[in-house]
Amino acid sequence: MVTTPATSGLSLGLSAIRHGYTLGRDFTAVIGGVTLNIAAGEFVALLGPSGCGKSTLLRLIAGLEAPHEGEILADGLPVAGPHPDRILMFQDPTLYPWRTVRQNVSLSQDISGKKDAAAVDDIISLVGLSGFERAWPHQLSGGMAQRAALARALINHPKLLLLDEPLGKLDALTRLTMQTELHRLWKERGFTAVMVTHDVEEALFLATRIVTLSARPARIVSDIQVDLPFHRHRDDPQVLQLRRDILTRLGHRDDW
Amino acid sequence: MSGTDISLTDRIGTRHPDAGITRRHPAILPWLPGPVWLADALVTWRWPDADDFPDTTLLAILFAVTGIALLTAAATGVLTKRAPWATALGSGFGAWEIAQAKLLSLPRPFFGTPQDLLDVFITDWHRLGDSLLHSLGLLAAGYTVGSLAGIATGIGLGRSKRFRYWVHPVLRAIGPLPPVALLPLTFVLIPSSWLAGEALMALASGFPAAILTWSGIAAVDPAYYDVARTMGARERFLTLRVALPAAMPQIFVGLFMGLGASFAMLIIAEMLGVKAGLGFYMQWAQGWAAYPNMYAALIVMSLMCTGLITLLFRLRDRILVWQKDGLKW
Ligand SMILES: Nc1ncnc2c1ncn2[C@@H]1O[C@H](COP(=O)(O)OP(=O)(O)OP(=O)(O)O)[C@@H](O)[C@H]1O
Ligand SMILES: [Mg+2]
Numbered sequence: 004m005v006t007t008p009a010t011s012g013l014s015l016g017l018s019a020i021r022h023g024y025t026l027g028r029d030f031t032a033v034i035g036g037v038t039l040n041i042a043a044g045e046f047v048a049l050l051g052p053s054g055c056g057k058s059t060l061l062r063l064i065a066g067l068e069a070p071h072e073g074e075i076l077a078d079g080l081p082v083a084g085p086h087p088d089r090i091l092m093f094q095d096p097t098l099y100p101w102r103t104v105r106q107n108v109s110l111s112q113d114i115s116g117k118k119d120a121a122a123v124d125d126i127i128s129l130v131g132l133s134g135f136e137r138a139w140p141h142q143l144s145g146g147m148a149q150r151a152a153l154a155r156a157l158i159n160h161p162k163l164l165l166l167d168e169p170l171g172k173l174d175a176l177t178r179l180t181m182q183t184e185l186h187r188l189w190k191e192r193g194f195t196a197v198m199v200t201h202d203v204e205e206a207l208f209l210a211t212r213i214v215t216l217s218a219r220p221a222r223i224v225s226d227i228q229v230d231l232p233f234h235r236h237r238d239d240p241q242v243l244q245l246r247r248d249i250l251t252r253l254g255h256r257d258d259w
Numbered sequence: 043m044s045g046t047d048i049s050l051t052d053r054i055g056t057r058h059p060d061a062g063i064t065r066r067h068p069a070i071l072p073w074l075p076g077p078v079w080l081a082d083a084l085v086t087w088r089w090p091d092a093d094d095f096p097d098t099t100l101l102a103i104l105f106a107v108t109g110i111a112l113l114t115a116a117a118t119g120v121l122t123k124r125a126p127w128a129t130a131l132g133s134g135f136g137a138w139e140i141a142q143a144k145l146l147s148l149p150r151p152f153f154g155t156p157q158d159l160l161d162v163f164i165t166d167w168h169r170l171g172d173s174l175l176h177s178l179g180l181l182a183a184g185y186t187v188g189s190l191a192g193i194a195t196g197i198g199l200g201r202s203k204r205f206r207y208w209v210h211p212v213l214r215a216i217g218p219l220p221p222v223a224l225l226p227l228t229f230v231l232i233p234s235s236w237l238a239g240e241a242l243m244a245l246a247s248g249f250p251a252a253i254l255t256w257s258g259i260a261a262v263d264p265a266y267y268d269v270a271r272t273m274g275a276r277e278r279f280l281t282l283r284v285a286l287p288a289a290m291p292q293i294f295v296g297l298f299m300g301l302g303a304s305f306a307m308l309i310i311a312e313m314l315g316v317k318a319g320l321g322f323y324m325q326w327a328q329g330w331a332a333y334p335n336m337y338a339a340l341i342v343m344s345l346m347c348t349g350l351i352t353l354l355f356r357l358r359d360r361i362l363v364w365q366k367d368g369l370k371w
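Protein chains in written order, with the working numbering: chain D, 4 to 259; chain Y, 43 to 371.
Hints listed in this document are in silico derivations from the structure and should not be mistaken for laboratory results.
Be aware that a few hints might be false.
Under 10 angstroms between C-beta atoms, here's a sample of chain D residues computed to sit facing chain Y [as the list claims (entries may be wrong)]:
#, residue
1, Leu110
2, Pro140
3, His141
Result set (DSSO-like, lysine-lysine): computed pairs, CA atoms no more than 30 angstroms apart in a straight line [to be verified]:
#, chain 1, residue 1, chain 2, residue 2
4, D, Lys172, D, Lys190
5, Y, Lys123, Y, Lys366
6, D, Lys190, D, Lys118
7, D, Lys118, Y, Lys366
8, D, Lys190, D, Lys117
9, Y, Lys366, D, Lys172
The beta carbon of each residue, even a glycine, is placed where N, CA and C say it ideally should be.
Please construct the entire structure, taking both the sequences and the accompanying hints into account.
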């Protein structure tokens with residue numbers, strides 16, 4: 004176990020964000036006015052139909068793209084570009100195939116020039132990849148690659164972790180383990196988390212707040228505080244009630 | 043060249059795809075090549091030559107030494123997979139010796155005997171060696187400069203719009219032109235024939251390196267850049283530590299193509315302008331109808347080319363260890 008001091012997360016303020024893409028001659032509005040305030044240390048789950056603009060929203064918050072309209076504030080300061088305090092973990096692990104697991108995990112140290120071998124060891128053992136430091140990415144299973152990507156994101160203690168369906172491609176059992184792990188890390192470190200997911204149960208298991216988005220262009224449909232204590236059980240009647248509630252808002256009232 | 047088999051290696055598993063095959067050879071096979079070479083020695087020594095050839099006894103001794111070495115290798119178990127090739131080579135030399143030195147069945151002087159070839163190496167090794175060194179020097183300098191410039195150009199094309207705007211048309215105009223076409227002009231413009239040869243070889247190796255570096259960089263998954271950017275990476279890191287390694291497999295394709303083009307350019311330049319090197323030696327040998335010398339130069343040239351290709355493969359295997367598998371040279 005690592006004994007790192009719990010870093011406090013940062014707060015986010017999104018005001019009237021609009022964004023879109025030009026494909027050929029057509030302009031497609033993707034984000035249609037999103038206003039959202041997230042306090043430091045919250046764990047927000049973003050739900051919405053496929054293609055509605057969830058990944059786009061995370062890219063905007065990470066600073067990889069600038070919104071056409073509106074402003075994003077991180078700890079009160081405008082987001083002008085990417086910053087190591089705000090790490091985005093992508094839908095795919097996107098490990099660099101020419102780097103070993105260890106080199107992948109320590110990527111941000113190579114970028115900043117601040118080497119800390121002990122921190123790399125710690126985070127690798129934290130995600131359970133000890134013994135695989137020298138493996139190449141193509142030698143990892145999907146779940147291991149995802150855990151390496153998580154370690155790479157966590158290594159320099161981001162204040163905001165943006166997760167784009169981080170567990171989407173894992174098998175059901177690995178998923179459960181990783182959910183527990185994510186929850187523990189968030190508890191321990193106290194970063195702010197925004198996680199896109201398609202899985203309502205996953206959101207209910209991890210999040211303090213669940214925001215649902217409409218179909219493209221994305222707007223906020225509902226914003227639900229989940230006030231249940233953690234170690235929530237999947238068959239808890241309150242959890243089931245919330246689940247039905249959210250599915251209804253997503254337009255799946257009649258589906259089981 | 044002989045003995046270069048192309049097979050895929052599996053880097054994770056240690057098992058070679060051919061692993062099971064060796065065992066199926068009958069155990070006598072390793073013992074075959076030794077006697078064949080010894081038979082060559084005996085034929086060379088005892089069967090009178092059809093004409094007055096040099097070095098017949100020395101050749102017989104060389105055959106015998108090879109035969110004994112092969113027998114030793116068989117006894118110590120070193121000779122296994124290469125036994126069929128050693129046998130074939132020995133049979134080939136034997137057939138050549140009988141057909142030409144003993145029966146004189148092919149027209150001279152175009153076809154020499156094994157002892158003619160041996161004689162060239164004995165009497166002219168100094169000039170052959172000098173030519174080889176000269177060729178190597180010319181090639182190494184031109185190829186290195188050309189490849190590095192090509193990779194740099196490719197990076198510029200892949201990463202900078204402005205660079206692409208100005209350089210791409212130039213590349214399109216000059217690149218596809220066979221460098222040979224520039225040879226007369228180059229030798230006129232550049233007074234030093236050595237420098238002119240350098241320039242041509244640099245051109246020959248630079249173009250494929252530039253194009254493949256560019257295409258490699260263009261094909262890099264944009265997500266790779268995003269990963270580094272979200273961690274605060276700047277342009278320098280994105281280019282040198284993300285784009286370049288990601289494009290490395292393609293770059294090596296360009297380097298191999300460039301090496302082949304440089305070989306061609308080297309020999310042509312030496313034949314037509316640079317009055318030294320293996321190409322020049324061959325030209326000279328042809329002019330004097332010294333055919334055994336030509337064969338000898340060809341052999342040296344082939345050894346040089348395959349040696350350099352092997353070196354490049356070694357380098358690639360080191361740099362691209364992370365690749366799942368690759369062609370084995
Ligand atoms: N670089 C781009 N250029 C053009 N259009 C884009 C680009 N990126 C995203 N889009 C469009 O924006 C819309 C939203 O994409 P986004 O990836 O944000 O969806 P998403 O909600 O993450 O979907 P999913 O749940 O399937 O991952 C899509 O219609 C997509 O076609
Ligand atoms: Mg997405």
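These are the hints, each one checked on the structure:
{"no.": "1", "hint": "Leu110", "verdict": "6 angstroms, holds"}
{"no.": "2", "hint": "Pro140", "verdict": "8 angstroms, holds"}
{"no.": "3", "hint": "His141", "verdict": "5 angstroms, holds"}
{"no.": "4", "hint": "D:Lys172 <-> D:Lys190", "verdict": "24 angstroms, holds"}
{"no.": "5", "hint": "Y:Lys123 <-> Y:Lys366", "verdict": "25 angstroms, holds"}
{"no.": "6", "hint": "D:Lys190 <-> D:Lys118", "verdict": "26 angstroms, holds"}
{"no.": "7", "hint": "D:Lys118 <-> Y:Lys366", "verdict": "29 angstroms, holds"}
{"no.": "8", "hint": "D:Lys190 <-> D:Lys117", "verdict": "26 angstroms, holds"}
{"no.": "9", "hint": "Y:Lys366 <-> D:Lys172", "verdict": "22 angstroms, holds"}
In terms of the numbered hints stated before, the structure departs from none.
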